[in-house]
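One line per chain: the protein sequences are A and B, in this order.
In terms of the working numbering, the first sequence opens at residue 1 and continues consecutively.
In terms of the working numbering, the second sequence opens at residue 1001 and continues consecutively.
Worth flagging that the hints you see were computed from the coordinates, not collected in a lab.
Among the hints, a few may not be true.
[Claimed, not checked] Within a straight-line C-alpha distance of at most 25 Å, the following computed DMTMM-like cross-link-like pairs (lysine to aspartate or glutamate) qualify:
| no. | chain 1 | residue 1 | chain 2 | residue 2 |
| --- | --- | --- | --- | --- |
| 1 | A | K189 | B | D1042 |
| 2 | A | K112 | A | E137 |
| 3 | B | K1224 | A | D111 |
| 4 | A | K112 | B | D1138 |
| 5 | B | K1258 | A | D163 |
| 6 | B | K1254 | A | E34 |
| 7 | A | K112 | B | E1198 |
| 8 | A | K115 | B | E1222 |
| 9 | B | K1037 | A | E20 |
| 10 | A | K106 | B | D1226 |
| 11 | B | K1258 | A | E197 |
| 12 | B | K1254 | A | E137 |
| 13 | B | K1254 | B | D1031 |
[To be verified] Calculated from the model, a selection of chain A residues having no Cβ within reach of chain B, i.e. all distances over 12 Å:
| no. | residue |
| --- | --- |
| 14 | R59 |
| 15 | T71 |
| 16 | R94 |
| 17 | V103 |
| 18 | K112 |
| 19 | W121 |
| 20 | E141 |
| 21 | V158 |
| 22 | D163 |
| 23 | W201 |
[Unchecked claim] Have a look at the derived ranges for each label pair, beta carbon to beta carbon:
| no. | chain 1 | residue 1 | chain 2 | residue 2 | range |
| --- | --- | --- | --- | --- | --- |
| 24 | A | E34 | B | H1251 | 44 to 54 Å |
| 25 | A | D163 | B | G1243 | 50 to 60 Å |
| 26 | A | D31 | B | H1251 | 28 to 38 Å |
| 27 | A | S51 | B | K1037 | 50 to 60 Å |
| 28 | B | E1250 | A | G23 | 51 to 61 Å |
| 29 | A | D31 | B | H1249 | 22 to 32 Å |
| 30 | A | S51 | B | H1249 | 47 to 57 Å |
| 31 | A | T71 | B | E1214 | 31 to 41 Å |
| 32 | B | A1161 | A | E34 | 28 to 38 Å |
| 33 | A | P129 | B | A1161 | 46 to 56 Å |
| 34 | B | E1014 | A | E34 | 38 to 48 Å |
Quick reminder that beta carbons are idealized off the backbone N, C-alpha and C, glycines included.
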Amino acid sequence: MLVIVDYDAGNLRSVLRACEHEGIPACISADPQEIMDADRLIFPGVGSAESAVDTLHARGLDKAMRDFFATGKPMLGICLGSQIVLQKSEEGHRDCLGLVEGVVEKFDLADKALKVPHIGWNEVEIIRPHPLLSRVESGDEFYFVHSYFTRPANAEDVYGVTDYGDRFCSMLGHKNLFATQFHLEKSGKKGLSILAEFGVWDGCV
Amino acid sequence: MLSKRIIACLDVREGQLAKSVKFVDTRDIGDPIAKAKEYYEDGLDELVFYDITASSDKRDIMLDVVEAVAEQVYIPFSVGGGIRTVEDANKLLWAGAEKINVNSAAVLRPELISECAYAIGNQNVVLSMDIKQVEVSDTIPSGYEVVINGGRTPMGLDALAWALQGEALGAGELVVNSIDADGTKAGYEINLTRMIAEAVSIPVIASGGAGKPEHLLAVLTEGKADAALVASMLHFGEYTVSGLKQWLHEHGVKVRLKYA
Chain A
1 MLVIVDYDAG
11 NLRSVLRACE
21 HEGIPACISA
31 DPQEIMDADR
41 LIFPGVGSAE
51 SAVDTLHARG
61 LDKAMRDFFA
71 TGKPMLGICL
81 GSQIVLQKSE
91 EGHRDCLGLV
101 EGVVEKFDLA
111 DKALKVPHIG
121 WNEVEIIRPH
131 PLLSRVESGD
141 EFYFVHSYFT
151 RPANAEDVYG
161 VTDYGDRFCS
171 MLGHKNLFAT
181 QFHLEKSGKK
191 GLSILAEFGV
201 WDGCV
Chain B
1001 MLSKRIIACL
1011 DVREGQLAKS
1021 VKFVDTRDIG
1031 DPIAKAKEYY
1041 EDGLDELVFY
1051 DITASSDKRD
1061 IMLDVVEAVA
1071 EQVYIPFSVG
1081 GGIRTVEDAN
1091 KLLWAGAEKI
1101 NVNSAAVLRP
1111 ELISECAYAI
1121 GNQNVVLSMD
1131 IKQVEVSDTI
1141 PSGYEVVING
1151 GRTPMGLDAL
1161 AWALQGEALG
1171 AGELVVNSID
1181 ADGTKAGYEI
1191 NLTRMIAEAV
1201 SIPVIASGGA
1211 GKPEHLLAVL
1221 TEGKADAALV
1231 ASMLHFGEYT
1241 VSGLKQWLHE
1251 HGVKVRLKYA
């Protein structure tokens, strides 16, 4: 069973609905044991990194997610969920899960005409192929809502970039983990294709 | 580069799609769920539903509409109309809406914006403003006044001041709806849209008056809007979402074209 991790960060039901639409059996859980027993894991997220990290810690989910990652089973992070896998976030200056080396920074754009948060549809440029991106091409657009972005320390963890004043990492991957800054569950058929591929991914790159 | 968004607006009355002209006459024109699906398949960027159901005992019908749309449409959508409390907002989000639109209730009680922003996040709170042009005065220095009750009640509140206050209270986006232009199909209120878009640092969605593709082009360029709301242009089949986007693309506006 695919488990969607409940850490009080956003509308989990929209991710659940998208899974059902793609024919992937899924449930929502905040129980560390259920999470460890899952075949695959999605951690969505809207809100602030500080409250997300605090909630994960309070529910014992940070350890469960680290242990799950170590098993090699597939994991997918969405939006805030793509940020909490790094080591540190500027938002609330929290230590995050540390599954991927790197940090989360706030947009500090030279072009003051560009608004923050970055809200709307923007293009993704694929930097390296990934099994989840078999139906995505460079130039495809996805729906973003965020003020912070990920900066993985190792270039080989960057799978896609997006241009907003500057180029930022919009898709990252490390071993059995993949994550998108955009809301793939709200990005039409292109977004759903990533979810569908995740439903059958074996966790190997 | 960020694309300009095309947002379809669906007024829903007791579960039926309706279209109003200058906020007075309203007629029912079909099934909002089928329309939402049709526009989604044709490349729409976002949807907004306004619940214009008059009687409060029939409001729960809207939750069913939201649920049904959320099962079929995988782009952001917001819902407005009759939201007075955080509880109202939460019900709609739980049913599947991405964002909520507050309007009259926020004018009457501005804390509603900050309460909703705290509860569901700034990015999910859209402040929708109905605005009428008036003579410049001490109370209305911009010459644009906020009105409520579908345009019938002037509030003695300056539109520009209200936009800035809404942003400060935590609204994540603004809908600038010109009551003068609404339903006329004579074009958006460009000056009003630009004035607000230049003053705030959150996205501005232009609303009211769309009748031709040229109107969208004008408000997305000269009007500096981040998104354009369209309704009757689409609902009566005169234009299609993909046709409008292709036309805007050919006229130099960055829009999302690949969606299949």
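Quick rundown of the hints versus the structure:
no.: 1; hint: A/K189 to B/D1042; in the structure: 11 Å, holds
no.: 2; hint: A/K112 to A/E137; in the structure: 30 Å, violated
no.: 3; hint: B/K1224 to A/D111; in the structure: 16 Å, holds
no.: 4; hint: A/K112 to B/D1138; in the structure: 31 Å, violated
no.: 5; hint: B/K1258 to A/D163; in the structure: 17 Å, holds
no.: 6; hint: B/K1254 to A/E34; in the structure: 45 Å, violated
no.: 7; hint: A/K112 to B/E1198; in the structure: 11 Å, holds
no.: 8; hint: A/K115 to B/E1222; in the structure: 17 Å, holds
no.: 9; hint: B/K1037 to A/E20; in the structure: 17 Å, holds
no.: 10; hint: A/K106 to B/D1226; in the structure: 22 Å, holds
no.: 11; hint: B/K1258 to A/E197; in the structure: 19 Å, holds
no.: 12; hint: B/K1254 to A/E137; in the structure: 18 Å, holds
no.: 13; hint: B/K1254 to B/D1031; in the structure: 31 Å, violated
no.: 14; hint: R59; in the structure: 20 Å, holds
no.: 15; hint: T71; in the structure: 30 Å, holds
no.: 16; hint: R94; in the structure: 17 Å, holds
no.: 17; hint: V103; in the structure: 22 Å, holds
no.: 18; hint: K112; in the structure: 9 Å, violated
no.: 19; hint: W121; in the structure: 4 Å, violated
no.: 20; hint: E141; in the structure: 4 Å, violated
no.: 21; hint: V158; in the structure: 19 Å, holds
no.: 22; hint: D163; in the structure: 6 Å, violated
no.: 23; hint: W201; in the structure: 20 Å, holds
no.: 24; hint: A/E34 to B/H1251: 44 to 54 Å; in the structure: 53 Å, holds
no.: 25; hint: A/D163 to B/G1243: 50 to 60 Å; in the structure: 27 Å, violated
no.: 26; hint: A/D31 to B/H1251: 28 to 38 Å; in the structure: 54 Å, violated
no.: 27; hint: A/S51 to B/K1037: 50 to 60 Å; in the structure: 35 Å, violated
no.: 28; hint: B/E1250 to A/G23: 51 to 61 Å; in the structure: 38 Å, violated
no.: 29; hint: A/D31 to B/H1249: 22 to 32 Å; in the structure: 48 Å, violated
no.: 30; hint: A/S51 to B/H1249: 47 to 57 Å; in the structure: 40 Å, violated
no.: 31; hint: A/T71 to B/E1214: 31 to 41 Å; in the structure: 58 Å, violated
no.: 32; hint: B/A1161 to A/E34: 28 to 38 Å; in the structure: 51 Å, violated
no.: 33; hint: A/P129 to B/A1161: 46 to 56 Å; in the structure: 52 Å, holds
no.: 34; hint: B/E1014 to A/E34: 38 to 48 Å; in the structure: 41 Å, holds
In summary, the structure is inconsistent with hints 2, 4, 6, 13, 18, 19, 20, 22, 25, 26, 27, 28, 29, 30, 31, 32 from the numbered list given earlier, while agreeing with the others.
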